[in-house]
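Novice: Given the sequences, and given the hints that come with them, work out the whole structure.
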Amino acid sequence: MSGATSILIIARLTLSEAFRRRLLWVLVGLTGLIVVLTWWGFGRIAEASPVTGPVQVLGVSQVTVMLAFMFSFVLAMTAVFAGSPAIGADIESGLLLAILARPIRRSDVLLGRWLGLAVVLVGYALAAGYLELGAVVLATGYVPADPATGPVYLAGESLILLTLAIVISTRVAPVAGGAIAVVGYGLAWMAGVMGGVGEAFDNHLLRGVGVVSRLILPSDVLWRGSAGALSPTDTVLTAGGVDANLYRFSPFSGSAPSAAWLAWCLLWVVAMLALGIVLLRRREI
Amino acid sequence: MTVPRGEVFGFLGPNGAGKTTSVKLLLGLSRPSAGEARVLGAEVGDAAARRRIGYLPELFRYQSWMTAREVLALHCDLARIPRPDWQREIREALGLVGLAERADDLVGTFSKGMQQRLGLGVALLGRPELVVLDEPTSALDPVGRQDVRGIIGALRDRGATVFLNSHLLTEVERVCDRVAIVDRGRVVAQHRMSDLLRESGVRIRAAGLGGQDVEAANRHGLARLDGEWLEVDGIAEAAVPELVRELVARGRAIHAVVPSRQTLEERFLSLLGTGDASVGEDASPAVTKGLER
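Those sequence lines, one after another, are chains A and B. When we follow the working numbering, the leftmost residue of the first sequence carries the number 1, and every step to the right adds one. When we follow the working numbering, the leftmost residue of the second sequence carries the number 1, and every step to the right adds one.
It is possible that part of the hints are untrue.
[Stated by the list, open to error] Distance ranges between label pairs, derived from CB positions: (1) B:Gly16 with A:Arg282: 21 to 29 Å; (2) B:Ala139 with A:Thr5: 32 to 40 Å; (3) A:Val28 with B:Gly185: 47 to 55 Å; (4) A:Leu266 with B:Asp157: 53 to 61 Å; (5) B:Gly185 with A:Gly29: 50 to 58 Å; (6) A:Glu92 with B:Arg158: 34 to 42 Å; (7) B:Asp233 with A:Arg282: 48 to 56 Å; (8) B:Arg31 with A:Thr5: 20 to 28 Å; (9) B:Ala42 with A:Phe81: 53 to 61 Å; (10) B:Leu106 with A:Val63: 25 to 33 Å; (11) B:Arg158 with A:Ala179: 49 to 57 Å.
[Said to hold, decoys possible] Quick look at which bits of chain B chain A covers, simulated, 3 or more residues with Cβ under 8 Å: (12) 43-50; (13) 58-72; (14) 77-88.
[What the hints assert, rightly or not] Below are the SDA-like pairs computed for lysine to any residue, each with C-alpha atoms no more than 20 Å apart in a straight line: (15) B:Lys112 with B:Pro142; (16) B:Lys112 with A:Leu95; (17) B:Lys112 with B:Thr67; (18) B:Lys112 with A:Gly94; (19) B:Lys112 with A:Ile91; (20) B:Lys112 with B:Glu43; (21) B:Lys112 with A:Glu92; (22) B:Lys112 with B:Arg149; (23) B:Lys112 with B:Val143; (24) B:Lys112 with B:Arg61; (25) B:Lys112 with B:Ala154; (26) B:Lys112 with B:Gln146; (27) B:Lys112 with B:Glu58; (28) B:Lys112 with B:Ser64; (29) B:Lys112 with A:Ser93.
These aren't lab readings, by the way, just hints derived from the structure by calculation. Given the structure is predicted, the values throughout are model-derived calculations rather than measurements. A virtual CB, placed ideally from N, CA and C, is assigned to each residue, including glycine.
Specialist: So, in structure tokens, the structure goes:
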């Protein structure tokens, strides 16, 4: 059996499971509710203080980025809780025994599980992100600096965490693996904040902490990209009397990642999946 | 150890002997630390060979959120059975394992026995040349066990090899052509079932038996008197009519002559105790194994 066919079979199985176990429906339902509520909330903000001047724009932008942070958290948790049992739980339950006795490689199972969950997460991140941005624009008229790429970075961040969770799940039980991934996500975000402080105050040690943590787990690279994309343009910031360069270092703002960082994110995912395959190959089934 | 093609092969051993580990090694699910094995003429784990193998794991579990039909369709896909054949394959498997009426029910609603039936159906998809059944009746009621015996018989009739891993010795005794007994990771014996369970004695019920009768019987084997029964172990089959004639000539009224033999359980226990070893020798084996973990 060709590897691609096997991967697609497992990815399709994973997608079916997400549908049948109502993961997608829960996400879609709750997101619909959140979109309606935030549309209503942003509308009240606009009523109280029409978003015309730079200060109001700045205020709405910060609420928008906070909203994105909430989505980032929801996506991260969904990635972790969907990814953590993806391999280990199937081994422990015996589900994988019957599958791996077929002409299918362990790597196909891991990549298929990753692909299926990645489709769920990316689809959800893009759909929810653009819906939410649409609600903000409709309710307030606020258009962020780069609305098109904001949700794309969020989707990328969820893929980083999904990859981490799946790789851990090849060796660690689901609950423990999920806890490790959540702690990793939190630490990476916090280290990113410290790195931002280091950048703002030109502190080499703190800047180094940020760089090293992003090399180890680059989820914060993409979160900061998303936060930057959803922030106001430099023109608006400057008009509001804000130092745009300094503002980009705050925990709830950022700037588009460099091509090198984006390449690192891609390389990191590939390397981690390769590690996961090696770990799974060596695991007793 | 060699498993000849087209036979039902019982792989027996006490708990922890290495039966399931051996099965996993043969299917490429575990990695050997030493040794080598071939399955259907190919290296262990060979993808093309695995396409010709059906497997029911001891620890069986199938996607609880799928229906039985969907689980079978998934395995048709995994086994690369041509799509036009799926419907027929699934229908036949469901019929064979008695799940036709529950085909569209969720596996999560199945009892353990029904899940084991489903697992058997999964193992039978694609007319495999080798079917590996690891404790296939552990969750089944007597009716289910009888069904499995029928399925194993049908597999043998169509030339498939069945590798049956079980500790239910009465089941093995009924269906297997050959058995190997494994203990602490080593094969301690491998025999044809007919050789293993060769009749080993006779019991004769007669009125008025006494010491002279026991002496006469002792010339043919090891005799002892148990009430109205004269039990003779180790007597040759051809000597039984002669012994009966001698008893009749001595005026004994014979009511019954019953061949006696050791059960598989008795042989199993005695072999584990003595470590008797002999190895089969067939030209075209389904499985040859000499792996260690």
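Novice: If a hint holds in the structure, say so; if it does not, say that too.
Specialist: Comparing the hints with the structure gives:
1. B:Gly16 with A:Arg282: 21 to 29 Å: Hint holds: Cβ distance 24 Å, inside 21 to 29 Å.
2. B:Ala139 with A:Thr5: 32 to 40 Å: Given a distance of about 33 Å, which is inside 32 to 40 Å, the answer is holds.
3. A:Val28 with B:Gly185: 47 to 55 Å: 53 Å, holds
4. A:Leu266 with B:Asp157: 53 to 61 Å: 56 Å, holds
5. B:Gly185 with A:Gly29: 50 to 58 Å: 54 Å, holds
6. A:Glu92 with B:Arg158: 34 to 42 Å: 36 Å, holds
7. B:Asp233 with A:Arg282: 48 to 56 Å: Holds, at about 53 Å.
8. B:Arg31 with A:Thr5: 20 to 28 Å: 25 Å, holds
9. B:Ala42 with A:Phe81: 53 to 61 Å: Hint violated: Cβ distance 40 Å, outside 53 to 61 Å.
10. B:Leu106 with A:Val63: 25 to 33 Å: 44 Å, violated
11. B:Arg158 with A:Ala179: 49 to 57 Å: Hint holds: Cβ distance 52 Å, inside 49 to 57 Å.
12. 43-50: holds (count 3)
13. 58-72: holds (count 7)
14. 77-88: holds (count 4)
15. B:Lys112 with B:Pro142: 14 Å, holds
16. B:Lys112 with A:Leu95: 14 Å, holds
17. B:Lys112 with B:Thr67: 15 Å, holds
18. B:Lys112 with A:Gly94: 14 Å, holds
19. B:Lys112 with A:Ile91: 19 Å, holds
20. B:Lys112 with B:Glu43: 34 Å, violated
21. B:Lys112 with A:Glu92: 17 Å, holds
22. B:Lys112 with B:Arg149: Judged against 20 Å, a Cα distance of about 18 Å means the pair holds.
23. B:Lys112 with B:Val143: 14 Å, holds
24. B:Lys112 with B:Arg61: Roughly 9 Å between the alpha carbons, so the hint for Lys112 (chain B) and Arg61 (chain B) holds.
25. B:Lys112 with B:Ala154: With a Cα-Cα distance of about 24 Å, the restraint between Lys112 (chain B) and Ala154 (chain B) is violated, given a limit of 20 Å.
26. B:Lys112 with B:Gln146: Cα-Cα ~17 Å, so holds.
27. B:Lys112 with B:Glu58: 12 Å, holds
28. B:Lys112 with B:Ser64: 12 Å, holds
29. B:Lys112 with A:Ser93: Between Lys112 (chain B) and Ser93 (chain A) the Cα gap is close to 14 Å, so the pair holds against 20 Å.
When the structure is compared with the earlier hints, violations turn up for hints 9, 10, 20, 25 and for no others.
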